[in-house]
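**Student:** One point on numbering: in the working numbering, the residue at position 45 of the sequence shown is 32, and numbering is uninterrupted.
Hints listed in this document are in silico derivations from the structure and should not be mistaken for laboratory results.
Please note that a few of the clues may not be correct.
Stated by the list, open to error - Below, a list of computed lysine-lysine pairs in the DSS-like style, where the Cα atoms sit at most 25 Å apart: (1) K106 - K169; (2) K106 - K61; (3) K61 - K77; (4) K125 - K106; (5) K159 - K61; (6) K125 - K69; (7) K80 - K125; (8) K165 - K106; (9) K165 - K61; (10) K106 - K159; (11) K159 - K169.
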Amino acid sequence: MRHIFFCLIAWMGFLPSWGHARLDDTERRCVERYGSAERPKQRVIMPEPLVSGATESTYHFQGWALRVAFLDGKVVAQEYQKELPHPSGKTIKAEELQAILEAEQSGGAWERSATHPLKADKPEMIIGTALLGGMHWKRSDGAGATLTPMAYTIVFYSREGIQAALRAEAAKEQKRRKSMPKF
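Using the sequences and the hints, build the whole thing.
**Tutor:** Here it is, written out as structure tokens:
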């Protein structure tokens, strides 16, 4: 009987992990789920970092590219985007969106929000995103998510990821103001 129990435990260890990288997961956990990551390559046009100063990796999973940002070894932001060509097209469909939001609940509940997690204090960004069709959510633990206009990507930020991104944005703005000429 003990032999069967140990065989069952060993067999379960070889099963693939289901689901996507989760906010606050470790890099090791992401590698267990998806295999080795692809580090960003030098390109003519580099995507804007999810969180300034974070280490980013891209994982490929069942027709999706997941760009993940790590700070202090934990996932603080992640972007889901379909790889092309994709059987269902490049926009994220309602049922795909629902499945991703459910996978990212982590014990909390997502509620629709009128504001982008990183742009809550910029009304011009809120209006522009709303006009173009973007949608936003807040989770009960302070995490946020945004579906980009045209529904090509959905980006999740942990509370720590939001705080780090806002600090980086404030430092960038302060540097910009200091560099302005004094007329």
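**Student:** Among all the numbered hints in the text so far, which are the ones the structure does not match?
**Tutor:** Result: hints 1, 3, 9 break, sorted rising.
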